[in-house]
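The residues making up each chain are set out below.
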Amino acid sequence: MKTYLPPRFVIDRYAERCIACQVCVRQCSFDAHAYDGEDDEIRSYEKNCVGCHRCSVFCPTQALNIRLNPLSYRPNVNWQPEFIEDIIRQSEGGGVLLTGMGNDKPYRVYWDHLLLNASQVTNPSIDPLREPMELKTFLGRKPDRVELDPASLSLKTQLAPQVAIDVPVLFSAMSYGAINLNVQESLARAATEAGTLFNVGEGGLHQTLYKYANNAIVQVASGRFGVHPEYLDVARFIEIKIGQGAKPGIGGHLPGGKVSEDVAETRMIPAGTDALSPAPQHDIYSIEDLAQLIYALKEATNYTKPVCVKIAAVHNSAAIASGMVRAGADIIALDGLRGSTGAAPKMIRDNVGIPIELAIASVDTRLREEGIRNQASIIAAGGFRNSADVVKAIALGADAVYIGTAALIALGCTVCQQCPTGKCAWGIATTDPILSKRVNPDIGARRVVNLLRGWSLEIKEMLGGMGINALESLRGNRLHLRGVDLTDGELDVLGVRLAGR
Amino acid sequence: MGCGLCEVYCALAHSTSQDLIKAFKRERPRPVARIRVERTDGLFLPMQCRHCPDSPCVDACLTGAMYKDPDSGAVAVDPYKCSACWTCILVCPYGVITRDIGTGIVAKCDLCPGRDVPACVANCPNEALVCIEDGADAQGSRLAAAAQERTGGH
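Line by line, the protein sequences give chains A and B. For this note's numbering, count along the first sequence from 1 and bump the result up by 47. For this note's numbering, count along the second sequence from 1 and bump the result up by 281.
Certain hints may be false.
[To be verified] Take a look, some chain B residues computed to stay more than 10 Å from chain A by CB distance:
#, residue
1, Gly283
2, Gly285
3, Arg309
4, His332
5, Asp335
6, Ala341
7, Gly385
8, Asp391
9, Asn404
10, Pro406
11, Ala409
12, Ile413
13, Gly421
[Claimed, not checked] Using C-beta positions, here's what the derived DEER-type ranges look like:
#, chain 1, residue 1, chain 2, residue 2, range
14, A, Tyr82, B, Pro374, 29 to 37 Å
15, B, Lys303, A, Ile131, 41 to 49 Å
16, A, Ala318, B, Glu308, 25 to 33 Å
17, A, Ala211, B, Thr297, 58 to 66 Å
18, B, Tyr375, A, Ser138, 32 to 40 Å
19, B, Gly354, A, Thr468, 46 to 54 Å
Hints in this document: simulated from the structure, not taken from any laboratory. Glycine included, C-beta positions come from ideal geometry on N, C-alpha and C.
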């Protein structure tokens, strides 16, 4: 069928610079460049270009520029080009529109409407280069009160298992299958080096990554892929995945074509079969059912590690979170509207869920009101872009954050949203053995560690500016936030005052 | 990952202009890369001179142009002595000596004298190329591989 879709990008090739070295031809996994031997020239096929910049970054003479195709439709507020092209795509292919990465729609990003405080005159700011600054975070259930033995001054209260992390940023769940082993190894090594954790997602823990298991969060998701006693035993903590910000209420489907021998072995399923994760966990239809699974996992691991429950941030998150804590979750992970994915129906990704900022605030408020906030740590996820977002999330009430996209960007991702195609030119969202080589774990781990180091330094600077010398003192301290350009209702949910007040 | 940037930067390092665009678009004779990425299904292997300790090319050279640097152990070619008989190309067990048609003599990896690391290594975006002295028994491992080939792997 003749496609009516126009090319989305224009490839500018500056002829005076192009040396026809064919690096772009070899790097493009979407066939947007081809070499014409007869004319000794490279030609571009713009209809294939996805705008991932791989060619442009690798071109040794900077002879390539990629820009949006300026092809304009007649202006129409209702019929935006995206809607027109979605209909064209569906009329040619049928079926559900699939996409990757996080929600790209212009919903308000509340981080950009929240401002941090700083000390002036009446309280001193702290210089983190000269004075100690504490970012250490303990994840897990905290006791209602602590008792000391008066004689020895040692702790009498028996503490629930705690997980200490040196920086309040963890790597969110990305499974082997959605990403390849080189990417997982990069994250595993970065987490080990930076003193944080990586989440293996629902694809199991590959044998080669067991040596990083002390920094691994293992998932028990609706498909129960790769779950066995050793998997639970070696992990730092266990996460029960109920939902995901990019596709709340939707299951997963790793096509059989991507289930290689290696992926199959890790997932404990036959090679070549579709890996179907049901939408719900079929043994969890209530908070009581959730409690059963939480305690089954705690029992299986002899109460040595926290159990986390991850949900997508939805309308009733606060009430659900309360139930989760009461069901025995030691950590709750909230994944917001802008949470990312390797593949999701576009309509779900773009239209379901609530922004993470509002979810953190409402869940934290609810748990405080019920006097159970200490019983679980909160990990927030979904579109964290920089260290200021992290600091604001912690001031709103999160204990730590998950980053997925930011970590992948450190590895080369340009958020081109082609993950479901499995042809990722940056070698990230693909298990193709040739493309996977593009992520060298030696380089990948270094890049991600650098990112975390940069964020840590910035977080310390921001804390110092506020006159705080420990992240713990900022947690849930919303007086350090002020809102700008927000309605009374939004300020009310966020529990933040308007700037100037 | 087979991008071929090592070939590009090798040619640049052996150009007169030392400028990518001039070297590839205007320079005549065109600079020749001394490294070549061998490509088969899914496997990319950059091939360049192994600087073999036993160096058959040095033994075979008719004019004494090919020599082994006594200090570094690197195999190099003296352009003033090379008679372009291509005997070294015939005997090279790795097939990594090429004809430079422009200059009329052979071209091979010289480990980029004057640089800290060879240009191919410095510009490999994936750190796939490293420059190390491993002191391996090149002749021994070659003969072993050849013997295995002859006996069909048994």
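How the hints compare with the structure:
| no. | hint | in the structure |
| --- | --- | --- |
| 1 | Gly283 | 6 Å, violated |
| 2 | Gly285 | 6 Å, violated |
| 3 | Arg309 | 14 Å, holds |
| 4 | His332 | 25 Å, holds |
| 5 | Asp335 | 32 Å, holds |
| 6 | Ala341 | 33 Å, holds |
| 7 | Gly385 | 23 Å, holds |
| 8 | Asp391 | 21 Å, holds |
| 9 | Asn404 | 8 Å, violated |
| 10 | Pro406 | 7 Å, violated |
| 11 | Ala409 | 7 Å, violated |
| 12 | Ile413 | 15 Å, holds |
| 13 | Gly421 | 30 Å, holds |
| 14 | A:Tyr82 to B:Pro374: 29 to 37 Å | 31 Å, holds |
| 15 | B:Lys303 to A:Ile131: 41 to 49 Å | 46 Å, holds |
| 16 | A:Ala318 to B:Glu308: 25 to 33 Å | 52 Å, violated |
| 17 | A:Ala211 to B:Thr297: 58 to 66 Å | 59 Å, holds |
| 18 | B:Tyr375 to A:Ser138: 32 to 40 Å | 56 Å, violated |
| 19 | B:Gly354 to A:Thr468: 46 to 54 Å | 48 Å, holds |
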